[in-house]
Amino acid sequence: MSEAAAAATAYKSSWLNKLDWFVTGDHKKIGIMYLWFAIVMAIVGGGFAGVIRAQLTKPDSGLVTPEFYNQMVSMHATLMIFFVIIPAWTGLGNYFVPLLIGARDMAFPRLNAFAFWLAVPATALMFGSFFVVGGAIQTGWTAYPPLSLAAFSAGPGVDMWLMGIIFIGLSSILGAINFIVTVANLRAPGLRWFKMPLFVWAWFINATLILVATPVLSSALAMLLADRVFGTSFLTVAKGGDPLLYQHLFWFYSHPAVYIMVLPGFGVISHVLASFAEKKIFGYKGMVFAIMLIGIIGYMVWAHHMFVAGIPPSLQIFFSYMSMVIAVPTGIKIFSWLATIWGGSIRFTTPMKFGLGFIFLFVIGGMSGILLANVPVDYQVTDTYFVVAHFHYVLVGGSIMSMFAGMYYWFPKMSGRFLSEKLGTWVFWLFFVGMNVTFFPMHIMGIQGMARRVFTYRPEFQSLNELSSAGYLLMLAAGLIFVFDVLKTAFFKKGTLPADPWQINHVQNTLDWKVSSPPPEYNFLKIPTIE
Amino acid sequence: METVKHHEEAHVHLPPRSVWPIVLAMGVGLLPIALVAFRTGHAIVAELLAVTGGAVSLVSLMGWAHSVVMDKAEDVVTGHLSMQQQDLKMFLKYFLLSEAAIFGGLFVHYYSTRYHIQAWPPAGTPHIHTHDPAIATLILMFSSFTCELGLKAFEKGKKFHAKTLLLVTALLGLIFLSYQGLEWGLLITQYGFTVETNIFGTMFYMMTGFHGLHVSIGVIFLLLAYGRLELGQMNEERHFSLIAASWYWHFVDVIWVLLFFSLYLI
Ligand SMILES: [Cu+2]
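Chains as they are written, first to last, in our numbering: chain S, 35 to 565; chain W, -4 to 261.
Keep in mind that a hint or two might mislead.
[As the list claims (entries may be wrong)] According to the in silico footprint, chain S covers these stretches of chain W (three or more CB under 8 Å from chain S):
| # | segment |
| --- | --- |
| 1 | 22 to 32 |
| 2 | 88 to 95 |
| 3 | 99 to 109 |
| 4 | 189 to 198 |
To be clear, the hints were calculated from the coordinates, so they are not data collected in a lab. Note that the structure is predicted; figures quoted are calculated from it, not measured. In this text, a Cβ means the ideal position worked out from N, Cα and C, and glycines have one as well.
Build out the structure end to end from the sequences listed, making use of the hints.
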């Protein structure tokens, strides 16, 4: 059968074809929809961060009300975690996991579409909550009771937030099962487990984390919702409930969630560094076991978020040690990446720049994390900007940097056009410098005692806050240039590229660079066999 | 990965296009909005949204199931079947694992609360009788047995036995549910014991209620499998809906045994 004939017989003619993107089960289209969704949400979530930074340029700027400031803080985190980073990885995973394992699609295409479309009601609930009495959630994204109970957060905003997160969680769970079955059952003949590319490994482990952790979050949120709506007393002290337990269940999900947000990035970075150093990845098996160990130990560290919540000292010591232990597999990965680029003939393409920037920033975030794992240090700086600095180095420096790397690396495959290298260089330097200018001063403010999540601060922190807000403008510029370039390249440039536009596959030999750019609808006319 | 060879023969099996995923997502999405309308005092809007959302979800679920059946009928010819049955079984396993994690969250909450509280059961809790629930437990455990027998009978080609046993299983499930309904009714009307009474009331009703919801869904699964058997839509290679119903049923039973032990016995 020729390619043209295959394409022609692929679909029976049907009225459904006219609806195209709305009815598709194609993993590539669903992947692209996830990515657009994440980009739009990043613009909104980034805008919320702008409101925060604008308010904080002066100790008491009065730009927004304290209540609105609380809403911005809560929603910025919510959007960036659940509506930007996690969907963006799901998008890249959807597009590239089937390609990398030589499959024509995910195992359950319709379920895949359903999981994506669940994000729509979730988003409607989030944005709708700004318009109800009392407005959106003000408790911070952690929604700890008793603050989040009806007595202190009356309006329906919190209910909408809870249901929105439960929905987006259900979407994640269904997506994760799909990834697990796809990787387990649909690998091309000969692609044994320990031949799988690292992005596939990272997503596989990621999916197992999502699968076990997310339902626990859902059950905690459902208990909170029941206490608010049905008058139950899961978390209400007066009738014997236990609010501390919410924190345990919440962090049982939300610490692994940090890895859910960064593991696919580890996979991307492995591909990018090896590709542009023209070398094979160093220590492949070590990398795989490191991801597994991170996944396992990641479940045994959650209470490091609760050192000041009144848990017994023995537990504090256990969780403190485990949190330090998890640095070991992470270190294995960092050193393997360094060994990969060591002595390679490095091409400083845009994805490579982001890859190298990732290593630098992620190491800083990791180091401040080890500091925070020390119980006494945590007592001192908990709920200060030091914590804010730490997790932004991990999430912006880790997740977002590796996502930029992945977008620049795979954009030619998805669209058949390169993103501009010239603009990409601007995006990288503006973002890299901007990110450090924004978040590095927060370490200092935090150690000096500036409390997080508050709309005001003591006057002596003003100059550092001004610096931080200036850094935001640099990141904003980077983001706008990136979105402009993506729109321009996706909609106003024409043409296709060869299968291996970066000319890297003589070393890497992965299947994504063996199909045309963009790939045909069925990916592989003949399922490849790997020897 | 050194060289890439190609299979000789190729069959391009493209992802199915379907309108049901997006319609189902929107239908389900109306339900939380209905709850919000209810909370803000728009009772009529809430009812309207809930009914519409429920109806849209139900129709799209049926449409989805129908299109899966039709697709699979084609796959019998193209030989994708055994593969997809394997995928589906795996899906079910992981789905049940995530369900177990939800129940896990509830159990952790239950035991943790219980061992941190001064007096158990907390003040206001009536005496919870174990006699009737014990009978209900035996009935549910027995239904697991009949369900398994039904599956085995089907696999041996005894369609009539299989159908009868499936119906018996569903019936036992309904008896279990009515036991639970009676118990709830008694506790609420006679003792005024509700979710709002204390933490035990919350745990008791929410855990047994969430489980009861699962039993109801299990009964629907069993009846659907029965319907497909009756219509002759299953054969030896192709009876995932029967396998799914039985696995789900066993899962629900195991959870109940744990619940019975936790809530009634200790
Ligand atoms: Cu953590």
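Comparing the hints with the structure gives:
1. Counting residues of the segment 22 to 32 of chain W whose CB lies closer than 8 Å to any CB of chain S gives 7, so the stated coverage by that chain holds, three being the minimum.
2. Given as covered by chain S, the segment 88 to 95 of chain W passes the check, having 5 residues with a CB less than 8 Å from a CB of that chain where 3 are the minimum.
3. Only residues whose C-beta sits within less than 8 Å of a C-beta in chain S count toward coverage, and the segment 99 to 109 of chain W has 7 of them, enough to reach three; the restraint holds.
4. Given a C-beta distance limit of less than 8 Å, the hint that chain S covers the segment 189 to 198 of chain W holds, as 9 residues qualify and 3 suffice.
Checked against the numbered hints given earlier, the structure satisfies every one of them.
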